[in-house]
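Engineer: So the sequences go chain by chain: L and A.
Anchor point for the first sequence: position 335 equals 335 in this note's numbering, and the numbering is continuous, going up by one each time.
Anchor point for the second sequence: position 358 equals 358 in this note's numbering, and the numbering is continuous, going up by one each time.
What the hints contain is simulated information worked out from the structure, not anything from laboratory work.
All values reported here derive from a predicted model rather than from experimental measurement.
Where hints are given, some of them may not hold.
It does not matter which identical chain is meant; a pair holds if it fits inside one copy or across any two.
[As the list claims (entries may be wrong)] Subject to a maximum C-alpha distance of 20 Å in a straight line, what follows is the list of computed EDC-like cross-link-like pairs (lysine to aspartate or glutamate):
1) Lys33 / Asp353
2) Lys33 / Asp291
3) Lys263 / Asp353
4) Lys52 / Asp106
5) Lys332 / Glu366
6) Lys263 / Asp352
7) Lys359 / Asp106
8) Lys268 / Glu326
There are 2 protein chains.
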Amino acid sequence: MFRFARSVALAAALVSSTFLAGASAQTMLTEKKTFEMPSFTTQSGRALKSVKVGWESYGTLNADKSNAILICHFFSGSSHAAGKYKETDAAPGYWDAIIGPGKAIDTNKYFVMSVDTLVNLGANDPNVVTTGPASINPDTGKPYGMDFPIVQIGDFVEVQKKLADSLGIKKFQLVAGASMGGLQTYEWAARYPDMVARAMPVISFGEADANLIAWLDIWASPIKLDPNWNGGDYYGKTPPNAGLASALKVVTLHAQHWDWANKTFGRKWAKEGENPANGHDKRFLIEQTLDNAGAARAKTSDANHFLYLAKANQLFVAGGAGSLEEGLKKIKAPVLLIHSPKDLVFPPGGVDDTAAKLKAGGASVEQIQLKGDRGHLDGVLSMKQVEENIRSFLAK
Amino acid sequence: MFRFARSVALAAALVSSTFLAGASAQTMLTEKKTFEMPSFTTQSGRALKSVKVGWESYGTLNADKSNAILICHFFSGSSHAAGKYKETDAAPGYWDAIIGPGKAIDTNKYFVMSVDTLVNLGANDPNVVTTGPASINPDTGKPYGMDFPIVQIGDFVEVQKKLADSLGIKKFQLVAGASMGGLQTYEWAARYPDMVARAMPVISFGEADANLIAWLDIWASPIKLDPNWNGGDYYGKTPPNAGLASALKVVTLHAQHWDWANKTFGRKWAKEGENPANGHDKRFLIEQTLDNAGAARAKTSDANHFLYLAKANQLFVAGGAGSLEEGLKKIKAPVLLIHSPKDLVFPPGGVDDTAAKLKAGGASVEQIQLKGDRGHLDGVLSMKQVEENIRSFLAK
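Just chain L, with the same shape it has in the complex (with noise of 0.2 Å):
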C-alpha cells in the first residue's frame, strides 16, 4: 500500500526481486501530466477554483478510445504505477511489474493511466501534483489549510472521471488499484457501473469498517501532538514533520506482517556495540529502520493532507447508498477480488464478507490470495505472482 516503505525495504536490502523486475531490459519511460479544471465541486457542496491534479499514462489511446484502463492509487500512493521517468530512476513506479509491454496489463494493447488523488499525501514531492490543503486558495492567496473541504473517495474518483471525460474516454476495461486504490475500483463501480467493464481491486474491502476507521485515527494522531501542526496552520512556518514522520512510521510497520518483521530484523540492534539495555537512545535495528523511514517519506509529504486522506478512508462506503449491501449491488463489472491472507489493514475477514455481499448483489466475483510475508504490502509489491490471473481476467 505504502510507497515510502520502499525505503524500508531497500534500508533492510530486502526489496524483492520480483519488485525491480520491472526496471530491467527495455525501460518504458512516462511523464507526469497536470489535469486542471477551472473550478470542481466537491459532494461536501464546496466549489473549489482552479483545481489541478497529475497523471500518467502508459501505452497509446486508440482512435475509437476503447483500450483504456484505469489505476487508481493507495494511502501514500501516486499516479507514479509504473514506469520511470528517466533511465536513472532508482526504480520504476509501483505496479511496474504488471504494467508494461507483454505484461499482465499490456502496454502495447492498452492505454493505462492513473491520476494523482485530491489533497495527495506527497504534496512536497515534485513529481505528484495535488490540491489540498497545502494549495493556495484563489480567494485569499494563502494555502487552504484546515479550511479546505473534507474530500471523499467519491470526490477523486469524480476529478477522474472528468478527465476521462476530457480524453473522450466512455469506458474503461478496468478500474484497479490497492488499498485505496481499491476503495476507488468499488466506488468507480458502483457509480458508473456502465463505465466500468472490470474492476480489480486489491487489498481493500467495500467500506471502512470500525477496525480501519480506528486505525486510521491511531495513525493520523501523532500529527496533532506535535505543536508545529498548529491546527493546521504552519505553512511558511516550521512544518509538523515529527509527528508526520511518526505517522508514517505507525503506517508502515502496520502495513507490514509480523513475520516480515521478525524474519528480517530478528532481536538485532540498530548499532554495533550499542546494546538497547544501556540507554533510552540505543535502539533496536526495527525501530530505528522504521524511524529512518517515517522521517525519510515526512520530507515529501504533508500533515493536513495526511489528515484529510485518513477521514476521506475513514468516510467511505461503496456506492454513497445506505448501506454496502445496496451499494455493492448496483456494480456490474465483474470483479477480481485480490488480497493477502495476511493484511492486518484489511484483513481477510473482511475480504470475504465484501466478496459475499458482491455476490449477493449479482456481481460475478473472483477472489485470489497472494504469497507473501509483506502482508497489506504484498498487494503492492508481490503482484507478480497474480500476472496469469490478470491476464486471463483482462481476455474474458
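With the hints as your guide, set chain A onto chain L.
Structural biologist: The following block gives chain A in isolation, referenced to the frame of chain L:
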C-alpha cells in the same frame, strides 16, 4: 493485558459476564500492602535506596509455607489480581474469575500473592505502590525522571524473590501471569527453576520478537511528541497526558482483535446527528471511545513509567542466556501455555515457537487456546473458560 481496557468495555456495555462473575455472591476482600527494601541493585548495576512496591495476597500461607502461588501482572496492570478493597468497588481484580474461594486457583487451599512491578504504569493510582522515574530519589530529594536506571523483567522478578524470601517461601506451587506477567513467569521458571513447581504463562512469548519491539516503540512514541514530556522532566509541571493518552489509545486498540472492534462499533457515529463527514471534530464512535479510554487511563498513569516499561519488555529474553533456546533449557517446571489465536500483540506463531523451544529444552508443555473476540485481552477478560485446565494443572 490492559486494565484500562475495562473502561472501553464499560463504555461499550460489553464487559463479559465471566469477567464480572467474581463480583457476585461472596466478595473476597483484600488490601494493598507495601514491601520496602533499604536498597536494591538493578541488573544494570545501579544501587537504589529505599525501594518500595505494593503487593496483595488472597488466602492464607500455611505453616510450612508450601502453598504459595505468585501472579505476575501485565503492562498496564497492578498486583490487584483478585478480590475487592471494599464491597462497593465497581469491579474486582482482573483475574477474579479464576482466583478465589473454590475457584480454579483456590484461595481456600493456596496463598496467592501478587506484586506491583518497579516502574509500574499506575504511579498516580492510589492503589499502586511502585518505585520508578516518578519516585523521589533520596539522594537528591527530587524525582528520578529519566535518571532512573533502565530496569528489566529480571529486576521485577528479583523484587518478587526478595519479598518471597522475606515471607519464608522456598517454592511456588505456581507462577502465572498474562502478557508481561507471562514474561515474568518465564523468567521465574528459568532463573529459579527450583522455586517454581508449575508455570502458567498466558498470552506471551519467551522473548520479545522484532514485531513486539517495534510495536512497543509505536506505543511509546506519542509521549515524546508531547511538548510537556520535556525530556522526562515534567514533575511539578504539566505532565504530558495528551501524549500518554494517545499511547494508551494505541495499546487499547492493538490489544484487541478486529472482530471486537467491528462487532461492537460498526460505523456508528460518536454523537447522533453529527455526521463525521461534516467536520474533522465529528467522529466515529470507536474513535471517541478509544480517546476516552486513553484519557481516563492517563490520569492515573505516568508517562516516563510507560517508557521504562516499554524498554523492559523490549529487552526481554527468558533466562538471560545468549539465546531463547538456551534460556528456556533452564526451565524444569511443567508449563501450561494459554494463548489466543486472535492475539495481535503476541500472535499465535510466536507462541508455537516458544512452545517448540520449551519442548526441545526438555520442558513438559501443555498448550490451550482461548476463545473470544478480544484478541490479546482475552488472556485477561476470558480466563474462566479455562478454569478446569488450570485446576487439573494444579492437581498434577
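Engineer: A separate judgement is required for each hint: does it hold in the structure or not?
Structural biologist: Status of each hint after checking the structure:
In this assembly of identical chains, Lys33 and Asp353 lie within 20 Å of each other by CA distance neither inside one copy nor across copies; the values are 38 Å within and 51 Å between. For a Cα distance limit of 20 Å, the shortest separation of Lys33 from Asp291 qualifies neither inside one copy, at 33 Å, nor across copies, at 42 Å. In the homo-oligomer, the alpha carbons of Lys263 and Asp353 lie at most 20 Å apart only across protomers (13 Å), although the nearest pairing inside one protomer, at 31 Å, exceeds that limit. Proximity of Lys52 and Asp106 under a CA criterion of 20 Å is satisfied in neither setting, with 28 Å inside one chain copy and 70 Å between copies.
Taking the shortest Cα distances, Lys332 and Glu366 sit within 20 Å of each other inside one copy (14 Å), while across copies they are farther apart (52 Å). Taking the shortest alpha-carbon separations for Lys263 and Asp352, only the inter-copy value of 16 Å comes in at or below 20 Å, while the best intra-copy value is 28 Å. With identical chains, the CA atoms of Lys359 and Asp106 are never at most 20 Å apart, being 28 Å at best within one copy and 53 Å at best between copies. Proximity of Lys268 and Glu326 under a CA criterion of 20 Å is satisfied inter-copy only: 18 Å between copies versus 50 Å inside one chain copy.
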